[in-house]
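Student: Listed below, chain by chain, are the residues.
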Amino acid sequence: MTSSLSAARSAEVPPKPRSRVRTALVFLAFAAFTVATCIPAIGGIELDVGALIRNWSNGSGLLVQFLQPDFGFLPRTIGPMLETLQMAVVGAALAAVVSVPLTLWAAAPTNPNAPTRVLVRTIINVVRSVPDLVYATVLVAMVGVGALPGLITLFLFDLGIIVKLVSEAIDATDLPIIEAGRAAGGTQTQINRRGVLPQTWPLFANQWLYTLELNVRISAILGIVGAGGIGRLLDERRAFYAYDDVAVIVLEILVVVVLIEIFSNFLRRRLV
Amino acid sequence: MSVLTAPSATGLEVPRHPSRITPTVVAVIVGAVVLASAVGLPIPWSDLGSLPGEVAHYLGLMFSAPNWEMVPQALFETWRSFSMAWIGAIGCVIVSIPLGMLAARNVGPIWLRLPLRGLFAVIRAVPEVIIALLLLTVTGLTPFTGALALAIAGIGTQAKWVYETVESVQEGASEAVRAAGGNTAEVTRWALWPAVAPALLSFALYRFEINIRTSAVLGLVGAGGIGSMLANYTNFRQWDTVGMLLIVVVVATMLMDAVSGAIRRRIMKGPRAKAAPAQRNLVQREERIDVARVS
Chain Y
1 MTSSLSAARS AEVPPKPRSR VRTALVFLAF AAFTVATCIP AIGGIELDVG ALIRNWSNGS
61 GLLVQFLQPD FGFLPRTIGP MLETLQMAVV GAALAAVVSV PLTLWAAAPT NPNAPTRVLV
121 RTIINVVRSV PDLVYATVLV AMVGVGALPG LITLFLFDLG IIVKLVSEAI DATDLPIIEA
181 GRAAGGTQTQ INRRGVLPQT WPLFANQWLY TLELNVRISA ILGIVGAGGI GRLLDERRAF
241 YAYDDVAVIV LEILVVVVLI EIFSNFLRRR LV
Chain A
1 MSVLTAPSAT GLEVPRHPSR ITPTVVAVIV GAVVLASAVG LPIPWSDLGS LPGEVAHYLG
61 LMFSAPNWEM VPQALFETWR SFSMAWIGAI GCVIVSIPLG MLAARNVGPI WLRLPLRGLF
121 AVIRAVPEVI IALLLLTVTG LTPFTGALAL AIAGIGTQAK WVYETVESVQ EGASEAVRAA
181 GGNTAEVTRW ALWPAVAPAL LSFALYRFEI NIRTSAVLGL VGAGGIGSML ANYTNFRQWD
241 TVGMLLIVVV VATMLMDAVS GAIRRRIMKG PRAKAAPAQR NLVQREERID VARVS
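Going down the list, the sequences are from chains Y and A.
Each residue of the first sequence is one higher than the last, beginning at 1 in this note's numbering.
Each residue of the second sequence is one higher than the last, beginning at 1 in this note's numbering.
Derived from the structure by calculation, the hints contain no laboratory data.
Values in this document were obtained by computation on a predicted structure and should not be read as measured data.
Treat each hint with caution, since some may be false.
Just so you have them, the derived chain Y footprint on chain A, three or more residues with Cβ under 8 Å [said to hold, decoys possible]: (1) 91-102; (2) 180-189; (3) 227-238.
With the Cβ distance kept under 7 Å, some of the chain Y side facing chain A (calculated, not the full set) [said to hold, decoys possible]: (4) T116; (5) V118; (6) L133.
Note that CB positions come from ideal geometry on N, CA and C, so glycine has one too.
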C-alpha cells in the first residue's frame, strides 16, 4: 500500500522542466564564445593584467589629481557648455519638426501603403544602427570641425529614436477615430491631420523632451571627435593631462545633465 | 414667448472656445529659445545651401565603389570590438548583480542602500564614453582596458535595472521562505533569485548590445577595434574604405542585435510564451529602454 501511495505521489510531481543536456549545451556555447573573445590571433583581446598594473602605477597620480578639481577653470567652460546646450536644443527642434511626417509614414494605421511604410522603417533602422560618434567622426571629415557636424549627428540620432518609438506606439494604440474619419469620407491626410495628430501628440511631446535630455548627454561628448561643444575642451585638457580641469568639466556636465532631467520631468508632468 | 426662447437659447449655446493664450505663450517661448540657440551657434548658415551637394558628393565617394579588399581586416577588427563588448558586459554584470541586489529595498539595509544608489546615480549621470575615456588615459589604450572601462562605465545603469527588478518581485515567495525560518541571504537565494534570474540574464545580453555600440566609440578614441580602423581611414580620407567600414559596422551591429534580441525574447517569454504580469511589465519596460540606445 505504501508503495502504491508513493508511486501515486511520484506520478503527481511534474518532471523537471529543464534537461541537463540543454543546460550543458548552453553553458558550453557561452564558454566557447567567451574563450573565442580572448584569443588575440583571431582578433580577440589579450587579457594582459601585468601591463594594466604597470600602467596603473603611472596613471594613479592622474586620478589623485582628478579628485582635486580646480574651480578657477570654471569661467572658461561656460562658453563651450553654452554651445553644447544650443546644439542640443536646435538638434532636438529640427528633429521634432521632421519627425512628424516621417512617423506618420512609418506607422501602419496612418499609412496603409505597405511599400512606403517598409521603406521609411528600413531607412530609420539603418540610420539608428550607426553609433552617434561614428556619424560625428565622418561628418567632421566631410564638413569640417565645428558645431555643424554635431548638429547633424544629433538630428539624425533624434530622428531615429522619435520615429521608431512613436510609430510603434501608434501601431499599438487603438484609434477608432480613423474608422470614423474614413466613414465620413476623409482622405488619409485629412484623417491624420484632424484625427490622429490631436490624439497622439502627447506621445510626440514625450519623446521630444526625451531626445532633448539625450542630446545634452551626447553633445557633451561629440566634441571629443571635433564636433563642437564642451567635449572639445574636455578632450583638450585630457590631452594635456590637466585632470584637475577635466574634473571641473565632468562635474559641470553632471550638474547640467541632472538639471535638464529635472526640468524635462517637470514639463512632462505638466504636458502629458 | 420669452418663456419659450429662454431655455432653447441656453440649451443650444455653443460652449466657449477654450482659451488659446497658454498654448500661444508656450509656443512663442519655445520658438524664441530655439531661434536664440540657432543664432548663437557658430555655424556659417549662408554655406548651408551647398551642404546637401557636398554630402552627396562624399556619399558618392564612399558608397559608389566601396573598397571590398579590406573586408578581412575589417572583420578581424569587428571581432576585436565584439570581444571588448563581451568581456566588458561580463565584467559589468558580475559586479552589478551583487551590488544591485544589495541596493534593493527588500534585500539591503538602508545604510548600505543609500550610498550604493548614490554611486550608481553618479555613474549614470556622467556619459559612459567620458568615464571610459578618463579610465583609458590612466590604464593605457588597449582593447583589454577598453573592456574594463566598458565594465565600469556600465555599472550605473545595469545595477539600477537589477535593483528595480528585484524590488518588483511579488512578496509571496519571500514571505514563505521567511515563515519557514529563512534569513535574508536565504530569502535572496530561494525566493528572489529564481524570480529575477531570467530578467537579469536578459539585461545582461542587453548590456552586450549597448557595449557593441560603445566599443565602436571607444575605438574612435584609440582603444582598438573597428572604431580605430574607421577613425584612421577617415583621417587618411580614404573614402572608399570608410564606406566599406560603415557598411560592415551597420551590418554587424544589426546582425548582433537580431541574434541577441531573439535570445532575450526567448529567455523572457520562453518557448511556451506565457509570461506572468510582473514579467510582462519588465519586458515592456526593457523594450522601451531598448529603443533609446543611450550610449
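Student: Run through the hints listed earlier and report the numbers of any the structure violates, in increasing order.
Tutor: When the structure is compared with the hints, numbers 1, 2, 4, 5 turn out to be violated.
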